Amino acid sequence: MKPFNLLIEELKKLKSGLFEKDFLLTWDKTEDELRQTLLVAEALKHLRDNNISAKVFDSGLAISNFRDNSTRTRFSFASACNLLGLEVQDLDETKSQIAHGETVRETANMISFLTDVIGIRDDMFLGEGHTYMKEVGDALDDGFKHGVLPQRPGIVNLQCDIDHPTQSMADLLHLVNYYGGLENLKGKKIAMTWAYSPSYGKPLSVPQGIIGLMTRFGMEVDLAYPEGYTLIPEVVEMAGKQAAASGGKFRVVNSMDEAFASADIVYPKSWAPFAVMQQRTQLLKSSDKEGLKALEQQCLANNARFKDWECTEEKMKLTRDGKALYMHCLPADISDVSCKEGEVAASVFERYRIETYKEAGYKPYIIAAMILNNKFSNAAEVLESLYNAGKKRVV
Amino acid sequence: MKPFNLLIEELKKLKSGLFEKDFLLTWDKTEDELRQTLLVAEALKHLRDNNISAKVFDSGLAISNFRDNSTRTRFSFASACNLLGLEVQDLDETKSQIAHGETVRETANMISFLTDVIGIRDDMFLGEGHTYMKEVGDALDDGFKHGVLPQRPGIVNLQCDIDHPTQSMADLLHLVNYYGGLENLKGKKIAMTWAYSPSYGKPLSVPQGIIGLMTRFGMEVDLAYPEGYTLIPEVVEMAGKQAAASGGKFRVVNSMDEAFASADIVYPKSWAPFAVMQQRTQLLKSSDKEGLKALEQQCLANNARFKDWECTEEKMKLTRDGKALYMHCLPADISDVSCKEGEVAASVFERYRIETYKEAGYKPYIIAAMILNNKFSNAAEVLESLYNAGKKRVV
Amino acid sequence: MKPFNLLIEELKKLKSGLFEKDFLLTWDKTEDELRQTLLVAEALKHLRDNNISAKVFDSGLAISNFRDNSTRTRFSFASACNLLGLEVQDLDETKSQIAHGETVRETANMISFLTDVIGIRDDMFLGEGHTYMKEVGDALDDGFKHGVLPQRPGIVNLQCDIDHPTQSMADLLHLVNYYGGLENLKGKKIAMTWAYSPSYGKPLSVPQGIIGLMTRFGMEVDLAYPEGYTLIPEVVEMAGKQAAASGGKFRVVNSMDEAFASADIVYPKSWAPFAVMQQRTQLLKSSDKEGLKALEQQCLANNARFKDWECTEEKMKLTRDGKALYMHCLPADISDVSCKEGEVAASVFERYRIETYKEAGYKPYIIAAMILNNKFSNAAEVLESLYNAGKKRVV
Numbered sequence: 001m002k003p004f005n006l007l008i009e010e011l012k013k014l015k016s017g018l019f020e021k022d023f024l025l026t027w028d029k030t031e032d033e034l035r036q037t038l039l040v041a042e043a044l045k046h047l048r049d050n051n052i053s054a055k056v057f058d059s060g061l062a063i064s065n066f067r068d069n070s071t072r073t074r075f076s077f078a079s080a081c082n083l084l085g086l087e088v089q090d091l092d093e094t095k096s097q098i099a100h101g102e103t104v105r106e107t108a109n110m111i112s113f114l115t116d117v118i119g120i121r122d123d124m125f126l127g128e129g130h131t132y133m134k135e136v137g138d139a140l141d142d143g144f145k146h147g148v149l150p151q152r153p154g155i156v157n158l159q160c161d162i163d164h165p166t167q168s169m170a171d172l173l174h175l176v177n178y179y180g181g182l183e184n185l186k187g188k189k190i191a192m193t194w195a196y197s198p199s200y201g202k203p204l205s206v207p208q209g210i211i212g213l214m215t216r217f218g219m220e221v222d223l224a225y226p227e228g229y230t231l232i233p234e235v236v237e238m239a240g241k242q243a244a245a246s247g248g249k250f251r252v253v254n255s256m257d258e259a260f261a262s263a264d265i266v267y268p269k270s271w272a273p274f275a276v277m278q279q280r281t282q283l284l285k286s287s288d289k290e291g292l293k294a295l296e297q298q299c300l301a302n303n304a305r306f307k308d309w310e311c312t313e314e315k316m317k318l319t320r321d322g323k324a325l326y327m328h329c330l331p332a333d334i335s336d337v338s339c340k341e342g343e344v345a346a347s348v349f350e351r352y353r354i355e356t357y358k359e360a361g362y363k364p365y366i367i368a369a370m371i372l373n374n375k376f377s378n379a380a381e382v383l384e385s386l387y388n389a390g391k392k393r394v395v
Numbered sequence: 001m002k003p004f005n006l007l008i009e010e011l012k013k014l015k016s017g018l019f020e021k022d023f024l025l026t027w028d029k030t031e032d033e034l035r036q037t038l039l040v041a042e043a044l045k046h047l048r049d050n051n052i053s054a055k056v057f058d059s060g061l062a063i064s065n066f067r068d069n070s071t072r073t074r075f076s077f078a079s080a081c082n083l084l085g086l087e088v089q090d091l092d093e094t095k096s097q098i099a100h101g102e103t104v105r106e107t108a109n110m111i112s113f114l115t116d117v118i119g120i121r122d123d124m125f126l127g128e129g130h131t132y133m134k135e136v137g138d139a140l141d142d143g144f145k146h147g148v149l150p151q152r153p154g155i156v157n158l159q160c161d162i163d164h165p166t167q168s169m170a171d172l173l174h175l176v177n178y179y180g181g182l183e184n185l186k187g188k189k190i191a192m193t194w195a196y197s198p199s200y201g202k203p204l205s206v207p208q209g210i211i212g213l214m215t216r217f218g219m220e221v222d223l224a225y226p227e228g229y230t231l232i233p234e235v236v237e238m239a240g241k242q243a244a245a246s247g248g249k250f251r252v253v254n255s256m257d258e259a260f261a262s263a264d265i266v267y268p269k270s271w272a273p274f275a276v277m278q279q280r281t282q283l284l285k286s287s288d289k290e291g292l293k294a295l296e297q298q299c300l301a302n303n304a305r306f307k308d309w310e311c312t313e314e315k316m317k318l319t320r321d322g323k324a325l326y327m328h329c330l331p332a333d334i335s336d337v338s339c340k341e342g343e344v345a346a347s348v349f350e351r352y353r354i355e356t357y358k359e360a361g362y363k364p365y366i367i368a369a370m371i372l373n374n375k376f377s378n379a380a381e382v383l384e385s386l387y388n389a390g391k392k393r394v395v
Numbered sequence: 001m002k003p004f005n006l007l008i009e010e011l012k013k014l015k016s017g018l019f020e021k022d023f024l025l026t027w028d029k030t031e032d033e034l035r036q037t038l039l040v041a042e043a044l045k046h047l048r049d050n051n052i053s054a055k056v057f058d059s060g061l062a063i064s065n066f067r068d069n070s071t072r073t074r075f076s077f078a079s080a081c082n083l084l085g086l087e088v089q090d091l092d093e094t095k096s097q098i099a100h101g102e103t104v105r106e107t108a109n110m111i112s113f114l115t116d117v118i119g120i121r122d123d124m125f126l127g128e129g130h131t132y133m134k135e136v137g138d139a140l141d142d143g144f145k146h147g148v149l150p151q152r153p154g155i156v157n158l159q160c161d162i163d164h165p166t167q168s169m170a171d172l173l174h175l176v177n178y179y180g181g182l183e184n185l186k187g188k189k190i191a192m193t194w195a196y197s198p199s200y201g202k203p204l205s206v207p208q209g210i211i212g213l214m215t216r217f218g219m220e221v222d223l224a225y226p227e228g229y230t231l232i233p234e235v236v237e238m239a240g241k242q243a244a245a246s247g248g249k250f251r252v253v254n255s256m257d258e259a260f261a262s263a264d265i266v267y268p269k270s271w272a273p274f275a276v277m278q279q280r281t282q283l284l285k286s287s288d289k290e291g292l293k294a295l296e297q298q299c300l301a302n303n304a305r306f307k308d309w310e311c312t313e314e315k316m317k318l319t320r321d322g323k324a325l326y327m328h329c330l331p332a333d334i335s336d337v338s339c340k341e342g343e344v345a346a347s348v349f350e351r352y353r354i355e356t357y358k359e360a361g362y363k364p365y366i367i368a369a370m371i372l373n374n375k376f377s378n379a380a381e382v383l384e385s386l387y388n389a390g391k392k393r394v395v
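Protein chains in written order, with our numbering: chain F, 1 to 395; chain P, 1 to 395; chain B, 1 to 395.
The shape of chain F in the complex, shown without the other chains (with noise of 0.2 Å):
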């Protein structure tokens, strides 16, 4: 990782407007204000790892809205709230009125008015995440403008049905330290590649936010499924524009041999077609059980179609020397391990877990970073004057 004091300097050439600003879509960002959040992440890391206070709030709330599980982003939301200050409160939908009618823009504005931060996580139906988000986003302006908020609370997407960016940015910022910096990357070919799993519904935002995300900084990045497991086609079209803007390249391949071949990276993670994700979200919609059951058991004969697609020993020599970087957002479906086969060979896993538990560690500054920038126009002199007063985390 780089000195304090050139993260700093990188800062201040940086243009950004970030401030005030929801960060929803890594591809709503440009270049200059991914940079940014990369460069704070990495500072606040750097105060985190050397005992220094990083609290720029003495008090506020952080407001977790979680509409489907998680464990490694709830822990890292709270994390990243409380290295800076602010108190997480969740808003649990069964808990609270929400589920008798009440209307998400009051219910955005009564949770808000001492609230710095809400991190949301909505991933479950397709067209509704990011939607949702948006909604809040609305709300929270219309309060803020009216005097009923003293403040706009920033929101921080913690996944939606499009984007899953806090996850992309520290697979970024992993590829950042591990390659020794983002120029490294220019060249680099990385395999975006669907992998068995023997489970179904799995969302399509994290392959969507890597070849989001992966395509602005001139890698080779492959997209690879089989046949009929295609994602969200606006996602697709935008990663190719990306690419040839930042001069990289982005295919889309039905071969998972034809990915790893030569890759320097590569990330093989299951994922349902976006047709039986559309399926499936009507089926929701209208709490059709008996049709949930039948598309599940249809879409998972389809599954066992595509075995091969694993990660085995056999295809990783198959990449750059043999010796590709493995990536995976956690939990991956570990072959004789956590199923009997899934999405990558036990052997495999093993020899790369180390570093994808690096990989997640980003995840807490990323969402950090995502708040303070949100929250403040001048991050380089706030973290700035954090170092100089060197205020100690632990006495």
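These aren't lab readings, by the way, just hints derived from the structure by calculation.
Keep in mind it's a predicted model, so treat the numbers as computed, not measured.
Heads up, some of the hints might be wrong.
[Said to hold, decoys possible] Derived contacts from chain P toward chain F, CB cut-off under 8 Å, selection only: (1) 48; (2) 55; (3) 78; (4) 79; (5) 85; (6) 330.
Don't be surprised by glycine CBs; every beta carbon is placed ideally from N, CA and C.
Given chain F, put chains P and B in place with the hints provided.
Below, chains P and B alone, put in the same frame as chain F:
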């Protein structure tokens, strides 16, 4: 809002016995004590709005004990505690061993060793909530007296079967700011009136809280409901006496129109008849599911006879200059929005929506004021020294 | 309680290896380490009682992982962490993805990136809880060694299948203060005895914790139970060896009267026989509901043969001068109060009720001491500097 130094000046003139006293019912408090609560709330809001830290606790727990669902009060309590420096811990009676026969006396002590405040919502059973809070209070007195507890945690009533003081006090503070002073409420007419809702079993504590508080300040209070939808008789009787003592008026009418006539403020809200709540309490206690279903059907059928008890544009025209302030504790049952036919017409609600949000926005500060007054004998001095220290909440 | 400076003086004389070591079993700790835990707990209580801040962390997470219900330990852990400046985050395994096949190794790392301490309760399955805690510890060692974690979170055993050290150490601190010093416990007789309860399946960790700890300090420890109600044999054997080594006594008897005879302290509490717990563990693992029901019936029927194992006034007369100190980890099964026939007569319990509350009141400080000793190699210096800084907890 008044300048900070004027708030402090006024505060210093008041005689108050709030120190170390639980806040359970507004009618147990003197007029000076209610004024003090309002002033401290305003002063705390002033500090927060000006980015000045109001942290008077370096550490300490605040326990929330919600025996019924809640979103807004839950977040208001969390916000208030966080503002003052206390960390909220939820006493979740499903997770704990309380269900297995522990006595209230023991539990109250077990959770209080390092606890400064306990917020309780218990509004389901008539005759139970207020009694439970007093029982907890007695247990804490006992523990403190015998050296079990190093401090006596204060109790804040977050809604019981009789009163909802954090709601009614927030409502009052809203009126104070809307009309430019508590003295300006003298002679204003407020219509606390039943309204139709397609649900049943809504507690009586909001209307009781409103008539129990607004009759203290010389207002003209009309309580209106369809025949049979009575409140707890003792509370209604007390409201009449208070109105007489404060130079105001109080009457009960069975017509929404009559209550709305020339009203400055209207508060249309559904509740279940006192007699139904008594039956319901018995049925809940005996876990009589069939009986509960039958009662619900009967009660809903009865409600349906009064669908014209809706706050429509026509009804609003009856009020003073057709411009009465609409109030609600939220969430409201809005016709054609949250239900087909409800308490209020969509256009009326929408016109006052932002005002109802502001109304709700006072609750965190009211709760914080109740805590501060309970824990400090010299609120004015504490607030002054926070102001003078001028520690920033956000760097 | 001793003056603060004497506590510090004594502390400085001790040799201790508690730094960076998990606190899982009291019998893994040296006598000096146990003394250090008591002294630090007392010093922390002294600071709190004198309104001096004990915040040694500016930020940081403390994770609670309760795999069984808890009220008092949950709040004790939260209080301890808050006292030191850590924010509690609950690892709720029903909310998280843990149930879906994640390995302990991975989860332990995923929740620990910015975590200073993890408190675990896992007491349901014989042979499981302690093993789980060591597994978590190994995972954290692994993550820390490989640079995944910037710190190694300490683990505090909040009750496992073998020991309940935060309970037994709080019990010991209660005795120290009751008798005016650890040295005064030498030769005192304590009766740890089974008692009748109309429930079954209560864990063995409390009686095991008591005989495993009290035999360290020269006490005369009687373990009494009806034939068949044995504890884990290895723990009982170890207790005997420890008693011999410390100049105390240890014996197992099958008569409550014999144990109570001339006892200074009595600890009557129900538990399930070791053999039943073994069967129960197997049935729970295989989700054999019929088998569990049958076992429960059989066990309750067997319990019912020993209803005379109740701590009555008559039994109390057998103790030294009829005035033995009654102890319990709470909640007790009190005859005619929490059940028809139980562990203790109502009048006996009521006489000692406040003492049992005080006993429980030491637990937050014991937990805080375990954390402080784990995270700081120089507890005495840390405490001294807190004392000298004299920062007020409440302004």
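Against the structure, the hints come out as follows:
no.	hint	result
1	48	7 Å, holds
2	55	6 Å, holds
3	78	5 Å, holds
4	79	4 Å, holds
5	85	7 Å, holds
6	330	7 Å, holds
Checked against the numbered hints above, the structure violates none of them.
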